[in-house]
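Chemist: As they're listed, the protein sequences go chains X and B.
Counting from 1, position 105 in the first sequence corresponds to residue 1207 in my numbering; the numbering is continuous, with no gaps.
Counting from 1, position 14 in the second sequence corresponds to residue 1116 in my numbering; the numbering is continuous, with no gaps.
It is worth saying that the hints were derived from the structure and are not from the lab.
Since the model is a prediction, treat every value here as computed from it, not as a measurement.
Please note that a few of the clues may not be correct.
Pairs count within a copy or across copies, as identical chains cannot be separated in the list.
[What the hints assert, rightly or not] Within a straight-line C-alpha distance of at most 25 Å, the following computed DSS-like cross-link-like pairs (lysine-lysine) qualify:
no., residue 1, residue 2
1, Lys1110, Lys1243
2, Lys1128, Lys1286
3, Lys1161, Lys1128
4, Lys1201, Lys1167
5, Lys1182, Lys1169
6, Lys1110, Lys1151
7, Lys1159, Lys1110
8, Lys1230, Lys1110
9, Lys1272, Lys1128
Residues per chain are reported as follows:
2 protein chains.
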Amino acid sequence: MKKTLSDKVINRLTLYHSILTDYIEKGIEYISSPQIAELLHVDNTQVRKDIALLNYKGKCKVGYKAKELKILIEQTLKFKEVKTAFIIGAGNLGMALAKYDNFEAYGFNISALFDNSPEKIGSMINGKEIFNLNEFPKYAKKYDAKIAILTVPRQHAQDVSDYLINAGIKYIWNFTPCVLSVPKDVQVWNENLIGNFLQFTVNLNV
Amino acid sequence: MKKTLSDKVINRLTLYHSILTDYIEKGIEYISSPQIAELLHVDNTQVRKDIALLNYKGKCKVGYKAKELKILIEQTLKFKEVKTAFIIGAGNLGMALAKYDNFEAYGFNISALFDNSPEKIGSMINGKEIFNLNEFPKYAKKYDAKIAILTVPRQHAQDVSDYLINAGIKYIWNFTPCVLSVPKDVQVWNENLIGNFLQFTVNLNV
């Protein structure tokens, strides 16, 4: 893919991928765009347009071959390119993400967690060790880590972010509710949970 | 606000709100659009356009009054309208969300958690009780709950979703990696974490 995919397309493709995974698990061979559209409560033409971006055509009457479409999405979204990431902050959210096995299917290899709490350091979560945050620079260098998943308490977010960037981190997936101040060559993806949900509630008048 | 705000605008407004909260905590009275733009690595004109949607104008040279702008965002995004929600699934992610005190500032009142694990039922998380999932219909009726935050394991997602909908739930904030099949009058917001992050990595060639 030379073309840049829009955020919304990427987001929908990952949802189609989940649906395809379910279908394949159930032994269903074909899926149609109306079936996908109905599950996501979106328009059928939207689904067809998205899949057309992958240069993939379904068969008349039966739809898309689930396995082929799944592989095509994986190639487009580069699921097979392994991206090593560290979780910084072994609180509830950090633990939940460490236990989330699905990340691997998407090419995310969470190789370790870091925390500064003595009672956590040294324990294992889902096969991943919790290391002392002090040792982060050493590991970052060893694994040439570029991605950090930030799940520390709000009040430490900026200081820890500065520390990670000093150790060579270039991409931060920020789960804290803080807007981090970072140099121009560092990219932050703000996982703005509440902002996501407000997109849903504000216009629906929940 | 009669006008519908786009998802991206809503998302950015919540980030501006975080920045304003920080500034106000630090005792800073004014904030300029370039200051916001720099923190978010976005264009200054974008920030000004978003804030113009709120019919708010900054003062020349000094910028926006932080407290006023903050209140205006809260009104626009209806932070003061309390939305009662239940967390379904008291695993790590459910616990992390229950402990996330910031939700209240946004009008989310997480009133209880539900799980089916005997060792969890009856315990308290951040002042919220974990009830037996069997009792959900009773509580849903009592509190007239419309929103459920779904954090159960993947394999139970569809069954639990059916159960919640039967009990009157109309909005599901779905943190599971499943695409749920729901009736037309039920809205699902898929918190597609991996899709969000792939938006970031795919086009950046991480």
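Chemist: Determine for every hint whether it applies to the structure shown.
Modeler: Outcome of the hint check:
1. Lys1110 to Lys1243: neither (34 Å within a copy, 36 Å between copies)
2. Lys1128 to Lys1286: between (46 Å within a copy, 24 Å between copies)
3. Lys1161 to Lys1128: within (20 Å within a copy, 61 Å between copies)
4. Lys1201 to Lys1167: Neither. Shortest intra-copy (31 Å) and inter-copy (43 Å) distances fail the 25 Å Cα cut-off.
5. Lys1182 to Lys1169: Intra 16 Å, inter 47 Å, cutoff 25 Å: intra-copy only.
6. Lys1110 to Lys1151: both (12 Å within a copy, 21 Å between copies)
7. Lys1159 to Lys1110: For lysine 1159 and lysine 1110, the Cα distance is within 25 Å only inside one copy (21 Å; across copies 31 Å).
8. Lys1230 to Lys1110: Neither. Shortest intra-copy (32 Å) and inter-copy (35 Å) distances fail the 25 Å Cα cut-off.
9. Lys1272 to Lys1128: For lysine 1272 and lysine 1128, neither the intra-copy (40 Å) nor the inter-copy (28 Å) Cα distance is at most 25 Å.
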